[in-house]
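Undergrad: Spelled out from the first residue to the last, the chains are:
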Amino acid sequence: MNQTSQLTPVQGPLGKNDIAALIARDIPQGAFVNLGIGQPTLVADHLPADSGVVLHTENGMLNMGPAARDGQVDPDLTNAGKVPVTELPGAAYFHHADSFAMMRGGHLDICVLGAFQVSTAGDLANWHTGAPDAIPAVGGAMDLAIGAKQVFVMMTLFTKDGTPKLVPECSYPLTGLGCVDRVYTDLAVFDITAEGISVRETFGTTVDDLATRLNLPLLPATG
Amino acid sequence: MSMQLCDHADEAVADVEDGSTVLVGGFGMAGMPVELIDALIRQGATDLTVVSNNAGNGDTGLAALLAKGRVRKVVCSFPRQADSYVFDELYRAGKIDLEVVPQGNLAERMRAAGAGIGAFYCPTGAGTLLAEGKETRVIDGRTYVLEYPIKGDVALIGAHRADRMGNLVYRKTARNFGPVMATAATTVIAQVREVVDTGALDPEAVVTPGIFVDRVVQEADRA
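Protein sequences appear in the order of chains X and B. Okay, so the first sequence: first residue is 1 according to my numbering, each after it adds one. Okay, so the second sequence: first residue is 1001 according to my numbering, each after it adds one.
Isolated chain X, as found in the complex (with noise of 0.2 Å):
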């Protein structure tokens, strides 16, 4: 019987669990993650249980568990979107300085972050619209964008109205600067490179069409 874990849909564009499946497929063993706010937090659900992955929580916490159940919730236990979650075995609480230290010190793996704009130099804008009427929030997302050794960002490679995100230049106020290492999206996986952006995976799609569409040169895998 000839069976393969073929994780990777080719059809596109992905759906939102599709582009999580990917990012947890690029999860090593054993890593220490952060997951953002929002739609990274799915990553979570494809996860191998025999991964490893110890998940890191700004809050201070490490080896989360999943959100908990009925029956479950503790009003003490929450995670960075306080939404209650459940710990596992070898969980550790910590309190705030040291969980980023974390960050910044370098002993955090991954973290996923979602994106209004990524820029061709790896620059992240995804905390403030910039618009007048805006209250700005900012989070761990500064923190995280910096401290992580390697960072994944995590959204659709166009807005609603058909405008890129993968930009020559972020025109929304920066989070961080050439931070992104990757750009997982529902038309592509991207490395953001020295060189320029290099495309891993299409799906649906090739890597001339995407150059035309988000009007940049693309470099092809470099396997």
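Don't read these hints as lab results, they were simulated from the structure. Please read these numbers as outputs of a predicted model, since none were measured by experiment. C-beta atoms are modelled at their ideal positions from N, C-alpha and C, and glycine is treated no differently. Some hints could be false.
With beta-carbon atoms standing in for the labels, derived distance ranges [as the list claims (entries may be wrong)]:
| no. | chain 1 | residue 1 | chain 2 | residue 2 | range |
| --- | --- | --- | --- | --- | --- |
| 1 | B | Glu1017 | X | Gly114 | 39 to 47 Å |
| 2 | X | Gly105 | B | Tyr1085 | 32 to 40 Å |
| 3 | B | Val1196 | X | Gln29 | 36 to 44 Å |
Position chain B relative to chain X; hints supplied.
TA: Then chain B, alone, in the frame of chain X:
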């Protein structure tokens, strides 16, 4: 000075002065010292600067203090949430000042205050709106921003248990900012679920040593 065990939250906050900087623990509602905040509302101190991760949730706790018009300025990382309508309305009406601080900087600036550090260079936020006007220095090729301590006149924190020496233990992610704030204010007041006899806490498990704690009050609904 040894720790003062207060019979009631009103006694614990009786001397908070108008114009004080008040550090308020909690991440969302986890670890929020609601009874101390309610007592502060009854006490009437006004023109306060509140330092807390969020700017109030719903109608209780910090949100209730804001709603009474007692707070001149909020220093926080994440004011805008689904249920932060009290703050949102005050902010949009120009009735409250806001300083947004990246979450790790908020913690580390208080840690610095509590540890006697005059200022520190931190990479978080370099090149972003939140570092505008701040001194920077390039160290080993990386840009760091000079950040100053945040010191409180008063800290109001929530903990799980205290002994009669003021030693504190916390529970799960309700620990969050408590241990850092406990070091960073002139007068530190802890609301706890249970006061136990001296000797009843495992010294190896104490998170906040009593030297940092000035007053303890047991939650009224558990007394």
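Undergrad: Indicate, hint by hint, whether the structure satisfies it.
TA: Status of the hints after comparison with the structure:
1. In this structure, Glu1017 (chain B) and Gly114 (chain X) meet the distance hint of 39 to 47 Å, their C-beta atoms being roughly 42 Å apart.
2. Between Gly105 (chain X) and Tyr1085 (chain B) the CB atoms are about 37 Å apart, so this pair conforms to the stated range of 32 to 40 Å.
3. Checking the proposed 36 to 44 Å range against Val1196 (chain B) and Gln29 (chain X) shows it holds: the Cβ atoms sit about 43 Å from each other.
Hint compliance for this structure: no hint is broken.
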